[in-house]
Each structure stands twice: as C-alpha cells, then as structure tokens.
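J.: The lines below spell out each chain.
There are 2 protein chains.
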Amino acid sequence: MHHNEKEDTIVALATPPGIGAIGVIRLSGPQAISIANLVFKGKDLLAQASHTIHFGKVMDGKVVLDEVLVAVFVAPRSFTKENVVEISSHGSPYILQKIINLLISQGARLAKAGEFTKRAFMNGQFDLAQAEAVADLINADSEASHMAAMNQMRGGFSEKIKSLREELIHFASMIELELDFAEEDVEFADRDQLRALIISLQKEISLLIESFSLGNVIKNGVPTVIAGKPNAGKSTLLNTLLNEEKAIVSDIPGTTRDFIEDEIHINGISFRFIDTAGIREARDKIEALGIERTFAKMKAASVIIYLIDLLEETLEEILNEKEKLDALGIPYLFVGNKTDKVEAEQLEKLEIHFPDIILISAAKDQHIDHLKSRLTQLVHLDKFRTGDTIVTNIRHIESLTNTQKALDDTIEGIHRHVTGDFLAMDIRQSLHHLGEITGEITTEDLLGNIFSKFCIGK
Amino acid sequence: MHHNEKEDTIVALATPPGIGAIGVIRLSGPQAISIANLVFKGKDLLAQASHTIHFGKVMDGKVVLDEVLVAVFVAPRSFTKENVVEISSHGSPYILQKIINLLISQGARLAKAGEFTKRAFMNGQFDLAQAEAVADLINADSEASHMAAMNQMRGGFSEKIKSLREELIHFASMIELELDFAEEDVEFADRDQLRALIISLQKEISLLIESFSLGNVIKNGVPTVIAGKPNAGKSTLLNTLLNEEKAIVSDIPGTTRDFIEDEIHINGISFRFIDTAGIREARDKIEALGIERTFAKMKAASVIIYLIDLLEETLEEILNEKEKLDALGIPYLFVGNKTDKVEAEQLEKLEIHFPDIILISAAKDQHIDHLKSRLTQLVHLDKFRTGDTIVTNIRHIESLTNTQKALDDTIEGIHRHVTGDFLAMDIRQSLHHLGEITGEITTEDLLGNIFSKFCIGK
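If you read the sequences in order, they're chains P and V.
By the numbering used here, the letter at position 220 of the first sequence is numbered 220, and the numbering carries on one by one without gaps.
By the numbering used here, the letter at position 404 of the second sequence is numbered 404, and the numbering carries on one by one without gaps.
Treat the hints loosely; a few may be bogus.
Repeated chains share a single entry, so a pair holds when one copy, or any two copies, can fit it.
Restricting the straight-line Cα-Cα distance to at most 25 angstroms, the calculated cross-link-like pairs of lysine-lysine (DSS-like) are [as the list claims (entries may be wrong)]:
1. Lys112 / Lys324
2. Lys112 / Lys405
3. Lys81 / Lys43
4. Lys98 / Lys372
Hints were generated in silico from the structure; no laboratory data involved.
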C-alpha cells in the first residue's frame, strides 16, 4: 500500500500567489535535485548535504531569471520523504511563473492539488487523519480551530483510533484462531470479555461522535443570531463586538486577516452572525419586520442573543418574549440593552424578575465582556482547552458511525450466540471503518477525494 | 556613512499575505538567531552553522504554535549581512500572525517597509541603484521590465555611473591639487583634455537620459490607442490580441497573473490600451462618436493602431484619414481590417496606394502576428534586448539631468577661463549628483523616501 505510485518529480508554488518580498517554489521527487541543478548556476547541488542552503542564479539558457537561495533536502529527510528542493526567489509572480515553466521544461511536472502531502502520506510520513489536519491547520483562523488542527496533525486523534483498533484486532485474531479449530468447538475468545470490550469501545466512540457538535462549530463557527424588537440596538451591539475584536488583533501589515463583517472571534472561537445584512439594513429604513419573522430567522441559529429595549418595553412584553424564546429550545442569552438610559431602580426590578438577564449598554460599551463570557459558557466551548480529542472532520464521523453500527451488530451476534465466523465478519467490518480514518484501509478514490481539496503546492 | 544605524532586530512576513502551503517569516539583526532560539524547540540554533535548516516546533509557552523549518544565516553571510533567520511555517495567516507577535514579545521589532533592503544597502551588500532594482524586480510583470530590473540589480547601471564618476574624480583631484599650489599658477589638469572628457561624459549621459523614454514604457507600458471609424472592428481586434495573450501564458494555478482588460503583452512588452472602455461600450450601442473626438483621444497615446474598414470606406476617405494621422505626429500603424470580406484585387490596389498598410482580419485572426511585430518595431522597443543600459527610474533621471547641468557650467567655465576653484566647485557638483544615484552621496530623507515605497518584509 505505502509505496510511491508516481516516480516523477513534481513542482509548484508553495507560497500564496501575489507580490511579496520572496516566493518559494517546491520540487519533490527522485529528480528534484538534479532538475534544479540543471537551471542553477552556483555550487553543484548534487554534491550538497541535506538541509543546506545555497546562493546562486536561476538561468534560462543565457538569461538570468533571478538570484535565488536554494534549499536542498535529501531523501528521506524531507516533508515528502523524497528528494526536495525549495527555491526562494524574489516574490514577483512573473519571475515565479517563469521559473516554474523552466523547471517543467527540464522534466518536472506541475503538482496536482495536495500532491506533496499525498506523497508524504504514501511514504509513511504521517497517517491520513494527520494529513487532513495539515489542510485544516492552513485554514485555521481562530485559536480553537488552530488547537484542534494542531492536535490532530501531531497525532492525538490518530493515537486514540489506533488504540481502539488494536484492542479489537486482538479479539479478532482470537476468534479467527477459533475458526481454524472449528471442529473442536473451542472458544479462545471469551464472549463476556468481548462483550465488555465492545461496550467500552462503543462508549469511547460515542464520546468522539458527540464531540463533533463542538468540533464542527470550532471549525466552521457558531451560527448566531442577534434578535430583538426594532430599535433594541442590534446593529449597535454588532458594531461594538466587531470594533472590540479589531482593537485586539494587532495590526501587523501583511498578516492581518480581512475582517468578515459577520464573523467575530470571541475568546478564541468564531461566531458567525446570521442575517447581519438584515440588521444593518434595518438601521437605515424603518424596521417594519414583525417579531414573527425575527423568530423564524432564529431557528437557523445555534445561539441567540436576544436584545430587550429597556427604554421602551413593558415588563409584560418582556415576559411574553421570554416565553417565546423558551419555546424555541435554542440556547439563548437574554440581554437588556440601554442600561445607561434607565434608572438603577428599574434595573434592580428586572434582575429580580429575570435572574439570568444580562444588562448592557451596547452604545456605551458597558458590560460587553460579561456578555462575551456568558456567550462562550452557553455553548460549552471552553471545552476545547481541556485537550480532549475533538472530531472536526465529517469524513471521520461517517467512519465512526459505521464503526458503531458494526459494533452493534457484533453485540447483537454475541447475544444471539452466532458462530465465530459471523462474529469475525462484524469485527472485521469495525476494523475496516476505523482503519479508514487513519488510512490503514484506503482506496485511490478516497485519497483522490481527500487531497483534491488541498491547495496546489501543499 | 555605511554603518548600521539601528542595532535592533527586525521581523516581518516575507511572503505574500493570504493562504498558501507555506509562509516565511524573516528576522534580521544581531539578536535574530537568539530570539528565534527562545521560541524554538529543536536543536540549539545558536550552535548551528550558517546556511543550514532545522526542523522543530515554535512554542508559545507550552502551546505548540506550529511545526516549522528554520533557516539560519550567520552574519555577514546573509542578504542584510546581519544574522538572519527565516522561519518557514504552515501558510495560515492566523499562525503567521501568532508567530510574528511571539517574536515581537521576545524582543524583535516589526520591520518598516523596505527595512531589510535598507540594511543590506547600509551594510554594503549593494548600492542604492541596485537596492531600487530589487523593488522593480518584484513588480516586474513583462519580459522587458524584468530584464531591465535584473540588469540594474546585478549592477550594470551602477558600473556605468561609477566609471563616469571615476573619470571626473581624477580631474577633480588634479584641479584641487592646483589650488594647493595656487600662488605658483600651475595647471596640473590640462584644460583641453578636461573639456574633451566632459563632452564625452555629456554624450554618455545624454544617451542615458534618452533611454528613459524607452525605460519608462518598459516599466509602465506603452500608452496605445486603437482608433478608427465606427464599426471598423476596434473591439474585435482588442479581444483577438487579449485572447492570444491568454493562450500563450501557460495556466499555472497560483502564479497566473490577473489579466488587466486593457494591458496586453506583445513580444515581452506591455502595451496599455487607452479608453478600452469606450471601445467596448461602442459595440453595444450605436457608435455616435464623431471622428474628431477619436482624434482628440489619440493625442494621449505613444502609439496608434488605426483601423480602416475595408468594406465600407472609399479610397478618398482612407487618404483623408491618413493625412490627419500624419499631421498628429504620433507613430502609428495603418491597418486595413476585414480582409476576409473583400476581393484580392481591392487589397492589391490598396497596397499600391499605401505601401505601409497592414492588412488583417481581426475576426478571423489573420496576420495579427505581422501587426504585432510591426507594433514593436514602430516604437523601437526591441532595443531592450541589446543589453544597453536603460534608465527606468525617474529619480535617476533627475540626478542625471542635474549632472548634465553642472557639466554645462563646467564647460562654460573652461570657456570663460574661470579659476581652478570655480571649476572644482562645478565638478564637485557633477560628482554629487552622480553619487546620489548609487548612494555614495545620500541623506536620511532620501533613503526614507526610497525605502518607504518598498513592501514590508523586503
């Protein structure tokens, strides 16, 4: 399985497209060093030690394309475990394209999406779940998604799956031993012990499957709605949250990410605000949308921040809104806004009626920190800091769910005293699905599907 | 002058912003290696040889920020001639920003625009004209601009300026020697020889100043107008040229430049088509613009491609248009379009009347190559391949023009038999302006002005 399917040498731009101080072109394959050497004027790259850097010129015939630094990695001491060369040139898209074209003319082939990482996987650098984490890591844009991807890339999740699998393999081999002695009717694998093992495995797998609801929002953000009557201050709150975030992220040119108008990072987690366009729009024209339409919109959210206009709303109105919110069954924060404009007495009364209410002034930026910490508590998102394994990949969930089904069948089989060969089949099925996660079991289609989602150059 | 004004260690992202397989962070300064070592878990970077690469982790306390490759360059064997470290991490803007923040917290300072290149200049890695070429090289987007920048970066232009300067210095020192012996009334510097030298210098400087008209279009593109009567096929020709170019540039993901609708590369040179919006617009509605307005627009061009509608226009009309074009005094190509729709006889007649006419069919893509080669001949742009020094920088032209003025004064002085001290003053003035180009003469203001136009990280 883990042999290198292609013996050719691949090339691609490894750095983002665009203009920068430098750009890096990566070559990998048996001929990587010799192809680079053909266009390099400087030291003989073939004679250099691994992990060394050499200054010289890239020559297209007699024309100097650029002065570059070339890093040489000799197999197997590289990312792909093949010979690898990284050419660091001036960061002009024109020059980078010229150099890539030149390397292709000398025998390299343009890499397909994810092909470097695929080769690293095929050559045993890491398993499939770790390879997938490389892509997650590159796309990570919050503390939580970064930590989850890093943990997975460093093998935390794979270890977990492998230890589950090893326990099962032990029993599978015992049962298959029985099959060899079928006529003698012995039981090498104790059925009670097997049953206990499977139940404990199922518990662990259930925990992993459950972790996906957290893993999914870590990776994709928490769908959040800010709701409330017209003029309750929804747009003001959204702006306050966004401006606070902008102030926190230090402004390093060239690295600052673009702020997406409706995505806000709070305590390391991304919250995706739904229908912010609607909120902003409502500011400019008269907010004619009825409260019913607001409630319809809230059903798409994982979390609701519901704003009460403390200036305008009566206690009865507020009570009525809270009942409707409870009926929705979606976690929500009940937030009284405009504290700066009402009497302390009124606030005390509210807190007696609604012990959970959060009192803020969005306009004056008061108690926003309290709102934020309640928001992260509400969705139990601080869990990502515990170091527990969190599944973030939908493919892994599919495999885990299939594993769970096969384990159900095994338990059912034990219960019905089926013969060893049936039990063995069910256990093999579980092993198969667990093995899909780390890539011990794989197909060319599956690999193609996974790596084609990577960017070129990775 | 060439001492390092700042002893601190600077850091910046060196690769373009955005998501890629890898991103590179560059540190430079006395503490570059020791600061990197503080956050690096792996080998002791302080104990490593120059030009070596080391795998390890970047740690923010106990948190692994990323697994990285670190390249170590020990002073003076680096771009800046200082200690330099390049950290190659996964290409996630989130991670890159975290690592830069971490390095800043450990004592590095965020680099200003162009500060790495400025340090390289200050430490004598190259002169000022070469430093400026680094920025031009990164922005080069055509063969011609790439070659001009590369020639300048590799010192071609600087050599030229330095040799002019050395000849003058010789005479300046002779004249200053005279001043020491002023009472003895000797002439160490032969006035006729000095005059001959200055005239030959002036010729060379004139050639350099003249080269700027070429250098400017190489750098910024040739302003070009496609003109002609309504329906002559202007829009069709523009599309044909643009599509041909798209077909030539191989489609390498991540490196292909964005095609600017009105910029077309022909034989390595960029032509900027003026008022292409007007041309495209005209296609959709009735072209109501009079021929007079077309001529007004043409005055902004360096080159005109004038299209004749062979189907509609009479010989008299064509003659009339040609006369108007000649009167404009701007180089133009006289092009008959729609050859596919007229008789061979008619074409022959045209060629007799207008020997210079280019006959094409824009719609059928016929003889477009001929049009292109005539276009580049017209503006003598093939000169850039001769290897002659071409000035592309407006700052250099200012200095050369000032040098020329000071040399005029010197000649005038010799003619009027002024005393040696006046001559010496004029020659010093010439030397000053020539020295500004290569940075032998410089001020902090001038440097700040030059390097602030660079990108951060360069």
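J.: What are the numbers of the hints that this structure violates, sorted from low to high?
T.: 1, 2
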